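Participant: Work out the full structure: start from the sequences and follow the hints.
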Amino acid sequence: MGISLMYYLLVSGGLFALGLAGVLIRRNMLLLLLAVELMLNGANVALIGFSRHWDVTDGQIFALVVMVVAAAEVVIGLGLIVAVYRQRIVLDVDELDQLKG
Amino acid sequence: MDLYDYLPIVAFMIAGLAVGGAILTLSRIGPTKPNPAKEMPYESGILATTPVRQRFPIDFYLTAMLFIVFDIELAFLYPVALVMRDNGIPALVLLLVFTVTVVEALAYVWRKGALEWR
Amino acid sequence: MNIAALPMMILIATAVVALVPSLAPPGRVRHLGPPLVSIVGLVAAAGMSVLLWGDRQYTFYGAFRTDRLTVLMTLIFIASALVTVLMSLREPATVDRRGEYYSLLVAAVVGMVLVAGTGDLIGVFLGIEILSVALYVLCAMEVWRARSLEAGLKYLIVGAVGSALLLYGLTFVFGATGSVSLEEISDIVRVRGLGGEPLLMGGMALVIAGLGFKASAAPFHMWVPDVYEGAPTPITAFMATAVKAAAIVAFLRVFSGALIDVVDDWQMPLAVIAALAIIAGNVGALVQQSFKRMMAYSSIAQAGYLLIGVATGTLLGVRSLLYYLIAYTAMTLGAFILVAIREREVEDGQSIASLAGYGRRSPLHGVVVTVCLFALAGFPPLSGFIGKFMLFGAAVEADLTWLAVVGAVGSAVSVAYYLRPIFVLWGEDPEPGNARTFDPGDGLWVASVLAGLGVVVTSILASPLLDYCREAAQALIAP
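Top line first, the protein sequences correspond to chains S, Z and C. If you're matching positions, the first sequence starts at 141 in my numbering and goes up one per residue. If you're matching positions, the second sequence starts at 27 in my numbering and goes up one per residue. If you're matching positions, the third sequence starts at 30 in my numbering and goes up one per residue.
Derived by calculation from the structure, the hints in this document are not laboratory data. Among these hints, one or two may not hold up.
Facing chain C, a subset of chain S residues (Cβ under 7 angstroms, in silico) [to be verified]: (1) Leu164; (2) Ile165; (3) Met179.
Footprint (simulated), chain S over chain Z, 3 or more residues, beta carbon under 8 angstroms [claimed, not checked]: (4) 50-58; (5) 120-132.
Some but not every residue of chain Z turned toward chain S, in silico, with C-beta under 8 angstroms [claimed, not checked]: (6) Ile94; (7) Val95; (8) Ile98; (9) Glu99.
Bear in mind that the values here come from a model prediction, so they are computed numbers and not experimental data. Just so you know, even glycine gets a beta-carbon here, dropped at the ideal spot from N, CA and C.
Facilitator: In structure tokens:
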């Protein structure tokens with residue numbers, strides 16, 4: 141016996157919603173990256189849950205791929221933030237307005 | 027499923043909250059006589075001599091980023107290791123392609139001087 | 030293992046090797062090595078793909094399928110990447126970091142090919158992510174220019190949210206069916222009759238939103254003008270063509286391929302998104318002063334036209350979509366040529382006004398851009414007209430007449446903004462001779478000729494091309 145699918149989905153949905161809310165509310169670049177990470181990991185929890193529910197390993201492999209992709213995304217994000225930081229010290233997305241129009 | 031299996035965990039949480047809450051409440055009730063020695067962090071604490079919120083040098087981020095990438099990439103080796111015996115040479119070739127790509131990236135980063143601590 | 034995945038393997042090897050010459054000491058090897066390796070690798074992969082035109086073959090234990098659709102899409106991606114490489118030769122973004130630039134460009138193509146030929150949901154996500162992550166960096170390549178960095182960061186944040194939505198949607202599709210294999214999903218959906226199943230519906234909605242971000246369809250388009258304007262011009266051209274094509278083929282593989290039996294559930298949302306994109310893109314483009322922003326809005330509208338083909342869910346729709354995709358790639362790449370030159374010559378080289386009089390100064394580029402813009406506006410007998418005509422026809426046949434009407438009206442509106450640069454281009458230069466001249470070099474010249482030829486050839490050889498497109502579409506939907 142294990143934990144039923146519903147609990148996986150609840151945790152997963154919670155994480156995903158938390159991340160989405162973070163993306164919509166937060167304005168700091170680092171926190172935005174953090175929020176996106178939460179969304180991806182929310183999906184990961186659901187993947188593992190479904191994987192157990194259907195008794196296949198595909199979902200686990202998917203989750204592994206997602207982890208690597210998430211790491212790559214965060215690293216690119218940090219790299220760009222460092223590049224912005226070297227130019228001028230603004231990490232607030234609302235102040236990134238050179239391109240408004 | 028059987029939720030009762032998780033009862034010990036719930037009991038543990040309640041006990042933890044009760045003890046913590048009790049200590050915090052009791053400390054408010056009695057008389058307080060503060061002196062400098064009592065205010066200091068103790069046991070493992072050394073007094074902070076610099077501001078607590080330090081700025082890390084940017085090189086730290088660079089190294090940390092590279093670490094994250096190369097660290098996570100190796101996660102792929104575990105599932106391959108699991109099925110290595112069943113798949114033989116093709117799996118080995120694919121593994122080599124993967125490793126060469128990762129090592130090349132490392133060599134590039136190294137050669138470009140991103141690993142130097144400036 | 031057979032050789033069906035060889036084009037992708039060649040591309041991976043190219044991406045790996047293109048990085049090596051840039052480690053050489055400064056000189057010819059370092060300067061010309063990466064682009065040369067990329068061109069050789071791309072051409073080799075294209076040649077290999079052509080040989081694989083035929084029935085479906087499986088590689089990597091079914092994770093990668095090489096069928097006619099895969100081959101056709103691979104050729105589109107490679108053509109777009111080749112023109113981009115040629116356009117980039119003198120781009121300032123590439124001066125100091127040629128290895129990274131070309132390696133990442135080819136890596137993005139690897140991701141696209143993976144999307145086009147993927148056999149499972151993992152490949153859809155992984156391919157989209159490979160190309161996105163490469164492009165986040167490419168957008169920000171001109172690190173000394175705040176706008177370029179900003180474009181990269183914006184694209185990263187929006188793209189990451191889009192990826193997360195896509196992933197969650199794919200997760201739900203997996204959860205509803207219990208399989209990640211696209212072919213198994215197709216069977217399961219048919220056998221179990223999963224139409225209207227809430228988990229699958231939610232998953233499809235999220236996938237549409239996620240891929241909508243990547244294809245820059247409305248209402249997920251807010252980032253497009255900023256990113257397209259800020260990115261280096263060759264990369265903008267690449268994003269407008271190859272990246273959009275990759276997102277569209279992901280739509281095709283997931284919806285028209287695996288989920289075709291629940292077409293009633295996803296047809297209307299896709300049709301609405303297509304209509305919104307056509308309206309938002311065409312209206313937005315009317316008021317733009319910057320050529321790159323205008324093309325950004327135009328590409329939103331074009332995403333709408335392309336999505337019509339997906340929304341029909343018919344063989345005819347997919348065939349028209351594939352033809353229009355080929356035509357669209359050629360004409361959009363050509364349209365960007367002038368900005369890539371003009372940007373280097375004058376301060377506001379992105380603005381439409383700065384094109385004044387350029388047609389007479391440089392007739393070849395002028396003619397190519399004119400032809401491309403005419404084709405984009407949909408003037409007969411050019412390929413843009415043929416493609417749109419077929420797409421609208423397919424929409425009418427699929428009982429989406431209202432969508433065809435929206436498309437036709439949008440297309441008529443678009444004539445206004447596509448013709449404006451042409452008038453400026455062939456008009457008088459108000460202040461001749463005050464700009465420094467930039468030698469575009471052989472690369473841009475070849476790129477210009479290739480794009481112009483592409484438009485002409487797709488227009489003249491429309492009927493054989495349409496035959497190939499039908500064969501490719503049959504890989505997806507049985508006749």
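Participant: A separate judgement is required for each hint: does it hold in the structure or not?
Facilitator: Now for the hints, and whether the structure bears them out:
no. : hint    : verdict
1   : Leu164  : 9 angstroms, violated
2   : Ile165  : 13 angstroms, violated
3   : Met179  : 4 angstroms, holds
4   : 50-58   : violated (count 0)
5   : 120-132 : violated (count 0)
6   : Ile94   : 5 angstroms, holds
7   : Val95   : 5 angstroms, holds
8   : Ile98   : 4 angstroms, holds
9   : Glu99   : 6 angstroms, holds
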